[in-house]
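**Q** Residue numbers for the sequence shown follow this note's numbering, so the first one is 1432 and each next one is one higher.
Just so you know, not all the hints are guaranteed correct.
Label pairs and their calculated CB-CB ranges [said to hold, decoys possible]:
no., residue 1, residue 2, range
1, Asp1631, Thr1579, 22 to 28 Å
2, Gly1790, Asn1535, 40 to 46 Å
3, Gly1635, Ser1493, 31 to 37 Å
4, Asn1568, Ser1462, 37 to 43 Å
Quick caveat, the hints were computed from the structure, so don't treat them as lab data.
Keep in mind that this is a model prediction, so the values were computed, not measured.
The beta-carbon is built from N, C-alpha and C at its ideal position, and this holds for glycine as well.
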Amino acid sequence: MKPKPAQHFDGAISHTGQDPVNRNFGDIPLSTTRIITGLARPVQVTHAPGDSSRIFIVEQRSGSTGRIRIFNLDTGTLNSTAFLSQTVSTSSEQGLLGLAFHPNYAQNGYFYINYTASNGATIIERFTVSSNPDVANSGSGYTIMSITQPYSNHNGGWLGFSPTDGYLYIGTGDGGSGGDPGNRAQDITNQKLGKMLRIDVDAGSPYGIPADNPFVGVTGDDEIWAYGMRNPWRCDFDDETGDLWVGDVGQNAWEEITYIPNGSGGENHGWRCYEGNNSYSTGGCDNSNTMVFPLWEYSHSYGCSVTGGCIYRGSAIPGLQGTYFFGDYCTNKLWSFKYDGNEIYDYQDRTSELAADAGSIGSISGWGEDANGEIYICDLGGEIFKIVAEPSTGACCIGTGTTCIQIPEANCNGGGGTWQGPETYCAN
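When you get a sec, could you build the whole thing from the sequences and use the hints?
**A** Shown next as structure tokens:
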């Protein structure tokens, strides 16, 4: 497979010989609203399938306990009792790192967590909700996978079910230290670190292997879907297309966004041979023409640790459809762009407009969506923010009412809307 050159940017300018195309029908003004405070190191927001009244927040750890908390969207209240508490390692980047609900959660009550145990191993464990929908059955834990971690950093931690094939995907880091000293990310035999794994939790015990996994019947671990990853920190399936977006944290110079199209598999994403689109340690590596490079990269002049985000598929802000949001943990930068399968367009530096009411969002540690597709941002300091449209009564809007989104009148509804102004909206 031929490499895909990364688009990269210096500050606010992105280039691959040409800048990203701007096709937007005018900038959509956004802001954030702070909805939760006082959490313990939140790293993920998610929801149970079909549940539009609640979101679930993963707290990495408080002391030696990681917790899952429930926030009620209708009442704006955080449950005082945790949905689940789990004993975890307190070392470095470890703790409770990921949560995924089974697609048939409403019927079977299953959910899965990714955490590092007291001995430092990565554990994928299944639990079941109790008769109380706000409390898990803490005694129902069933370990489906354990992966030894040689160091306390680069644990990955994300897991999620594909909206198209229903399999569970698990992102693992390279096991840590610096520079992947064991070259684990490139090792596809007896090594699950530095990978994107793909398993069938509904077949076999503790799990089954999908028949179309790329290394079934050939050299390579059967669970591997993709490899050559350093530390996939926060990933997201596009609910509409099934494409997988991965924020892969870099070493000394480059951060990257990796794009894995729905139905692909077997790709080598380069690490440790390459950091982003740039040579790192290429001795003994396969020819670069066999690798798939990141879709997007940025240098450490503008950040030092990417936090992969989400594709917007909500309904509250129609003009954002298909927009990918992501950020940087170190500089608190927030960006977005769109991708049509061939080129990136409508790149935006969103940092200033998404600043919270009391200042910047700090230590961006995770993202997430509710059941309606609206996007949330995690601040490791204990806060959760929701991306919302900036209220406007401008001359032309997408949406309805007085909280619609202002765009140039000539572009009402993409140029095909009916003008209803000056203080109402464009009819869709």
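**Q** Confirm or reject the claim that Asn1568 and Ser1462 have a C-beta distance inside 37 to 43 Å.
**A** holds (39 Å)
**Q** Looking only at beta-carbon atoms, does the pair Asp1631, Thr1579 fall within the given range of 22 to 28 Å?
**A** With a Cβ separation near 23 Å, Asp1631 and Thr1579 satisfy 22 to 28 Å, so the hint holds.
**Q** Has the hinted range 31 to 37 Å been met by the Cβ atoms of Gly1635 and Ser1493?
**A** The hint (31 to 37 Å, Cβ to Cβ) holds, given that Gly1635 and Ser1493 are roughly 35 Å apart.
**Q** Cβ-Cβ distance between Gly1790 and Asn1535: within 40 to 46 Å?
**A** holds (42 Å)
Of the numbered hints given earlier, the model fails none.
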